[in-house]
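As a plain string of letters, each chain reads:
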Amino acid sequence: MNANTFLTELQTTVRHLQATVEMELVPLDDFTLNFKPSPERWSVLECLEHLNRYSRYYNPAIAKALQRVPTQTVDGVVRYSWLGRKSIAMMQPGNGKQYKAVKHMNPVGSTLSRVVLTEFLEHQTQLLVLLTAAQTADLSKKAVPVEFFRLLKLGAGEALEFVVRHEERHVQQALRAKQQAASAQLTLVV
Amino acid sequence: MADDPARVYSSAHASKLASLAALLRRIPYLAEEDVAACLPLWTKAVTLKRNDFLINAGQVEHHLYFVASGAMRIYLPDASEEICVGFAYGTSLICSFPSFVDNRPSDYCIQALKKTELLAVSRADFLALLDSNTNFARFWRMELERVLVGRIEREIDLLLPEPERRLQRLLARSPQLFQLVPKKYIASYLRMTPETLSRLR
Numbered sequence: 011m012n013a014n015t016f017l018t019e020l021q022t023t024v025r026h027l028q029a030t031v032e033m034e035l036v037p038l039d040d041f042t043l044n045f046k047p048s049p050e051r052w053s054v055l056e057c058l059e060h061l062n063r064y065s066r067y068y069n070p071a072i073a074k075a076l077q078r079v080p081t082q083t084v085d086g087v088v089r090y091s092w093l094g095r096k097s098i099a100m101m102q103p104g105n106g107k108q109y110k111a112v113k114h115m116n117p118v119g120s121t122l123s124r125v126v127l128t129e130f131l132e133h134q135t136q137l138l139v140l141l142t143a144a145q146t147a148d149l150s151k152k153a154v155p156v157e158f159f160r161l162l163k164l165g166a167g168e169a170l171e172f173v174v175r176h177e178e179r180h181v182q183q184a185l186r187a188k189q190q191a192a193s194a195q196l197t198l199v200v
Numbered sequence: 058m059a060d061d062p063a064r065v066y067s068s069a070h071a072s073k074l075a076s077l078a079a080l081l082r083r084i085p086y087l088a089e090e091d092v093a094a095c096l097p098l099w100t101k102a103v104t105l106k107r108n109d110f111l112i113n114a115g116q117v118e119h120h121l122y123f124v125a126s127g128a129m130r131i132y133l134p135d136a137s138e139e140i141c142v143g144f145a146y147g148t149s150l151i152c153s154f155p156s157f158v159d160n161r162p163s164d165y166c167i168q169a170l171k172k173t174e175l176l177a178v179s180r181a182d183f184l185a186l187l188d189s190n191t192n193f194a195r196f197w198r199m200e201l202e203r204v205l206v207g208r209i210e211r212e213i214d215l216l217l218p219e220p221e222r223r224l225q226r227l228l229a230r231s232p233q234l235f236q237l238v239p240k241k242y243i244a245s246y247l248r249m250t251p252e253t254l255s256r257l258r
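So the sequences go chain by chain: S and C.
All residue numbers for the first sequence refer to our numbering, where the first residue is 11 and numbers rise by one.
All residue numbers for the second sequence refer to our numbering, where the first residue is 58 and numbers rise by one.
Excised from the complex, chain C in its bound form:
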């Protein structure tokens, strides 16, 4: 259905598409025809209430999502605790990445921390776009590079024994995080107790 031009969207869907289009136009090497090729693929609109799940552990991720507004956490549901491994908020692209890439059940859960508005593109449509559109392939490669650098930074964070240095590095990278996400999840992400985080803040 992705390329059906007669498809009529709700006004909420249309306004999210408009946001996505505005953000795509900010990417300098994407031309108007690249944006036009990409937009019709985002056929699914999703609205999550607080505490709703985008994906649960064990499910396979068939979509990549654009977060128009809201906040989400990605966590590993371990037996003793839920270990927070990442956050998404307005203007993020998010999916349970290992599941999306390898087409296998997700180890992670993605949960809305407040009302969250999303658009989704199917895995098949998105991969076809990357194959057919070199500008989008470039965008995706640059995002993967940025994510990889971020992951290396994060690995260093986790190797640091001092909680205050882990916190300082996170604050330097994502100063806005504390306005968007409850502290207990940030504490989990930093591998420290909420009490330690409160003492350091």
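Next comes chain S alone, as it looks inside the complex:
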């Protein structure tokens, strides 16, 4: 795929995610942000904390990779590896599949406050900077170690798309959690 088209699409998506979180999630009260329909399902804050944990690893890892890879001529292309294609397909929102988060990425049981929202928005600002820096980089060269197994590497392009699709997936989940919190009411059961 053409690198410019690719990066522009990701930028648009990240700006959309920023706007969604600012307008739909930041104004919510603490009850709605923390509401869990059942203990193992994630609250709004848990969805975003999960994404923050990924960003804490991938944002610096991608930044480092972009500094090291060769610069790329104008109108470059993004190529996918099997691993990259597979990882992105897994994270594609709406693919109907559920996966269990690895333990250190699972936020259930941690104490969370609204700071999670601020951190999420900071990560998006960084991500937009990375997407701009990526315009002059070779996006296909394997340079970003995969979080769960660092001997495996993704191209900077694949890694960026993975992060963005993953964020889309869990922001959608956070919006569903918000919906459930909004419809929750005290109900007597006998």
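Treat the hints loosely; a few may be bogus.
[As the list claims (entries may be wrong)] Derived pair list, reagent style BS3-like, types lysine-lysine, alpha-carbon separation capped at 25 Å: (1) LYS163(S) / LYS74(S); (2) LYS101(C) / LYS110(S); (3) LYS96(S) / LYS240(C); (4) LYS171(C) / LYS106(C); (5) LYS110(S) / LYS241(C); (6) LYS188(S) / LYS171(C); (7) LYS152(S) / LYS163(S); (8) LYS106(C) / LYS107(S); (9) LYS240(C) / LYS110(S); (10) LYS96(S) / LYS113(S); (11) LYS151(S) / LYS96(S); (12) LYS96(S) / LYS74(S).
If you're looking for bench data, these hints aren't it; they were derived computationally from the structure.
Based on the hints, put chain C in the right spot on chain S.
Frame of chain S; chain C shown alone:
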């Protein structure tokens, strides 16, 4: 101890109280002073592990509970089987109702199906609140009316000979139930075997 203002709660207790307060504020005719009158009565916090009992048959129910999160089943421990008669999950109020109302031993068991977080108000404190606060009395009356209508619907369910119609009516009333409760208990609630339920789903 219910009205001791110096009582210090754990942060878990405080966060459950905050959830309860948020839900009470959603009830349009409860004013802030009604919420303030009610909240201090929920002095007891309970956390149940999966399979723990909130109440066993033979015990007397002295509390009304608020389920902050989790899932529970109410069942009749019959000699041949455990007959499921109801479910509670996040944001429910629950008690073994006949026992709570008549102050007599419960026929039912209430068991946690997963980790469940609750707050409790004593029967005496809650009844005193209903006597002194007309807005809460209204809330309670409206909940009892809703429960009664639900019970009439449920009686019709049980009179229907076709299992698929019983299932359809339950799905229309509680579409989220299948995400919260294991199927074998729903099958028991619908008076059908788990195999029949699997075939219909």
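Kindly indicate which numbered hints from before are broken by the structure, ordering the numbers from low to high.
2, 3 and 8
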